[in-house]
Amino acid sequence: MQHTFVIGETEHEGFLSRRGDGYVLHVGETAIPIALTDAERGAQLLHLGAESSRVLIAPDGDLVHVHIDGMTFTVRYVDPVRRYGSQAGAAAEDVAEAPMPGVVIALHVKEGQSVTAGETLMVIESMKLETAIKAWRDGAVAAVHVGVGQTFQRGAPLLELAPA
Amino acid sequence: MRRIESKIDTASEEFRLNWKHNRGLADALKARHHAARRERPARDLERLSRQNKMFVRDRIELLLDPGTPFLELSTLAANTEYGGEVPGAGIVSGIGIVEGREVIIHADDASVKGGAWYPLSVKKIVRTLDIAIENRLPVVHLCDSAGGFLPLQADLFADRYLAGRIFRNQSILSKLGVQQVAIVLGHCTAGGAYIPALSEYSVIVRGTGAIFLGGPPLVKAATGEDVTVDDLGGADVHTRISGTADYPATSEAQAIAIARELVGQTQRPTKLNVERIAPEPPHYDPDELYGVIPRDIKVQFDVRELIARLVDGSRFHEYQPAYGTTLVCGFAHIWGFKVGILGNNGVLFNDSSLKGAHFMQLCNQSRVPMIFLQNITGYMVGRDYEHRGITKDGAKMIMAVSGSEVPKITVICNGSFGAGNYGMAGRAFDPRFLFMWPQSQISVMGAEQAANVLADIKIRQLSREGKSLSPAEIAAIREPILDEYRRQQSAYYSTSHLWDDGILDPTDTRNALAMTISVALNAPIDRPHYGVFRM
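Quick mapping for you: the protein sequence lines, in order, are chains A and B.
Sequential numbering from 1 applies to the first sequence in our numbering.
Sequential numbering from 1 applies to the second sequence in our numbering.
Hint data in this document are derived by calculation from the structure and do not stem from the laboratory.
Hints should not be assumed to be uniformly reliable.
Unchecked claim - Simulated pairs of lysine-lysine, BS3-like, Cα-Cα distance not exceeding 27 angstroms: (1) A:K128 <-> B:K7; (2) B:K20 <-> A:K134; (3) B:K7 <-> B:K220; (4) B:K298 <-> A:K110; (5) A:K134 <-> B:K7; (6) B:K298 <-> A:K128; (7) A:K110 <-> B:K7; (8) B:K113 <-> B:K30; (9) B:K113 <-> B:K220; (10) B:K7 <-> B:K338; (11) B:K298 <-> A:K134.
This is chain A alone, in the form it adopts within the complex (with noise of 0.2 angstroms):
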C-alpha cells in the first residue's frame, strides 16, 4: 500500500523503498533514486535522480513544513486505517444502549428538545460508578425509555435521538 499525503489540497501517494545504501521514491509507475544530504545553514540539498534543490524542513507533528525553490509546502501525512475507514461512512447510530445494568439517577432532556454533542443527557449508576449518557451528536431527543429512579439491563435502550 502506498503512503498517502496531502499537499495544499490534494492527495499525493508515494512510497520510499530500500536501494542499496540509498532510498528510491516510487510515484505511480516512475521509481527514482532520492537522498537527503546537509547543506550550509541548517538547510538539505534533496537530490531527486540527477537533480538537486536547496530545502528547508521543519517537521511540527504530523505536518512538514519543507520551502524550496523560493515556495514553502506543508505535507500532511494521512493515516491509512483513518483514511479508509472513513470512506465507509457508517451511519451514526439514533438510540444510546445501557452499558451495563444500572439505574437511572438524573435525567436531564425532556422528548422532543434538541440537543448538542457532548451535552449529558442522563446519568445513570452501577457497580458504583456513574456514568453520564452524553449526546453523540446534534439532534433531537426522540424517546426517553427510562425515567429517574428506574433500572434496566444491558443494552436496553436508553434514549433516541430523531435520525439525522
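Chain B: place on chain A using the hints.
Showing chain B alone in chain A's frame:
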C-alpha cells in the same frame, strides 16, 4: 499508530474545576513530600552536625551523577503511623544514576530517631532489595542506623519478611551476580552490621563509621569488658584487622567518591531486547491530566484521555476496539519504549475479562512490557453474569497476570476495588513497580457498600431477636465504619504501609514509567508459560 483524538473540552467549566481540584491535591502531595524529605526538628539536625555527619539528602546528592533523575520510592512510608514522627520510615529509597549506571539506593536517615529501624523501615528496606532482585539493580547502601527500634521488636524481627529478609535478600543478590556497595557513615549495630559484611564492597569513614554486633554498653553488660567504639568496630579495626570492611575513608565525601569508583567498575547489564524508537512528547499536554480526572471518584471517564497524556505522540494502537469495551487494550510507546497498555473503562464483564487475559498473552508472546492503568470498581455481579461464568473469566485474567513473564508496572489512577485489583496486577501479583495517584482509593469494596453490608447484618441479627433499630441507631452503626473505611482506603494510608512504591503527581507519571521500564529490562525473562486457564 494513530493519535488518540481527545474529546475533552479544555475550555469547559468542568475541566477547570477538575484541574483546580487535582492540581490542589498535587500541590498538597508536593508539600508532604517536602516535609518528609527535609523538615526535621532543629535539635536532630544540630546533633548530626555535632557528630560531623551529613544529612542523608546531601549524601545522596553527592553520590548521584549531577543533572540525572532520581526516582524516589515510598517517600511517605509511615506517614500515618508512629504518631507521624518517623518521616519516610526513616529510610530513603530510590533509583538513580551513579557513574552512568542505574542503581537503587537504600539510605538510613539518622536525622529520624538516630536512624532506628521501625517495622515499616524494615519493610521499606526489604522492598528496596526485592526491587533490586527483580530488576537486577546494583545497590548502594548508605548505612547509619542505631539498630532495630526495641519497643516494637516483635513487629520487626522474627517473621519471614521482617529484618532477616534484608540479609537473605542481600545474599540472593550476590548469588545472582548483582553487586552491592555499602558505605558505613555511622553505626551498623547488631543485624545492621551484616549489611556491609554481605556487600561485595564496603567503605567505612574513620571516626564516625563503626560496625559491631553489640555496642560498647551491651559488651559491658554482657562480659564486663570496657571498650571504645573505635576500638570495638571502627574503620581501622575493620579495614586492617578483621577484614569486615574494605576501604577506609577520611571523610564522608571521600567515602562517597570511593563508592562511585566501585559502582563505575560494575558490569553493565545486558538489557532485554524490546522495541525502542526515538521518543516523542505526548501531543496532549500531561498537565491536562488534572482536568481529566473527575473530582468525584464515582464519575466515569475515558481511560484513553489518560493514555493520550502519557504516551509518545499520544499515539495508540487499540486492540479489539469493538469487543469488551470496558477494558481498553493496546500498544504505544513511552519515551520510545514499546509497551502494552491495559486500562479500565468501567466494570469488568465476561468479554472484557477474556480480552484482558488474551491481550496479556499477546504481550508475553511478543515480549512487550505491560502497563496497567487501574480504575476499577470490580467484576460485574448478578445472576446473568454468574451464569455466563464471570468468576471463571476473572480467574483467567488472574492466571494470565500471575503467569506473565514480561515486566508489569501498575498505576492506580483512580479506584481500585475488590477483585478488579487482582486481575489488573495489584501488589500481590508482583508488578515490578506500583504507583498511586493522590486522589486514588483502594479497598476490598467501596466505603458505602461496606457500611451498608455491616449495618444490614446488625439489623437482621436484632430483628431475629424481635428488636428493630431507629434510623439514628442505624446511622450510629454506619458512621464509624464509613470513617474508618475512608481513612484506610486513601492513597496516603496505602503508601504509609508500603502497599505501593509511592504516590505520583499524575504529570510525573510518564517519566516514572520510563525510568521503571528501563530498569525492568535489566532482568532476563523466561519464555511465556502459564498454569491452567479454566475454559
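Going straight from one Cα to the other, do K110 of chain A and K7 of chain B come out at no more than 27 angstroms?
Within the cut-off at roughly 25 angstroms; holds.
Is the straight-line distance between the alpha-carbon of K298 of chain B and that of K128 of chain A 27 angstroms or less?
Answer holds: K298 of chain B to K128 of chain A is near 6 angstroms, not above 27 angstroms.
Under the criterion that the straight-line Cα-Cα distance not exceed 27 angstroms, is the pair K20 of chain B, K134 of chain A satisfied?
Within the cut-off at roughly 24 angstroms; holds.
Check the hint pairing K113 of chain B with K30 of chain B against an upper bound of 27 angstroms on the C-alpha distance.
holds, 24 angstroms
Measure nothing beyond the straight line between the CA atoms of K298 of chain B and K134 of chain A; if it is 27 angstroms or shorter, mark the hint as holding.
Between K298 of chain B and K134 of chain A the Cα gap is close to 17 angstroms, so the pair holds against 27 angstroms.
Satisfaction of hint between K220 of chain B and K113 of chain B, Cα-Cα up to 27 angstroms
holds, 24 angstroms
Quickly compare the C-alpha distance for K298 of chain B and K110 of chain A to 27 angstroms and report which way the hint goes.
Distance of about 25 angstroms is within 27 angstroms: holds.
For the pair supplied as a hint, K134 of chain A and K7 of chain B, confirm whether the alpha-carbon distance does not exceed 27 angstroms.
holds, 12 angstroms
Hinted pair, alpha-carbon criterion (27 angstroms max): K7 of chain B, K220 of chain B. Please report holds or violated.
Distance of about 73 angstroms is beyond 27 angstroms: violated.
Next pair to validate is K128 of chain A with K7 of chain B; report whether the Cα-Cα distance is within 27 angstroms.
Roughly 24 angstroms separates the two Cα atoms, so the pair holds.
K7 of chain B and K338 of chain B were given as a pair; does the straight-line alpha-carbon distance stay at or below 27 angstroms?
At roughly 25 angstroms apart (the allowed maximum being 27 angstroms), K338 of chain B and K7 of chain B satisfy the hint.
In this structure, the one hint that does not hold is number 3.
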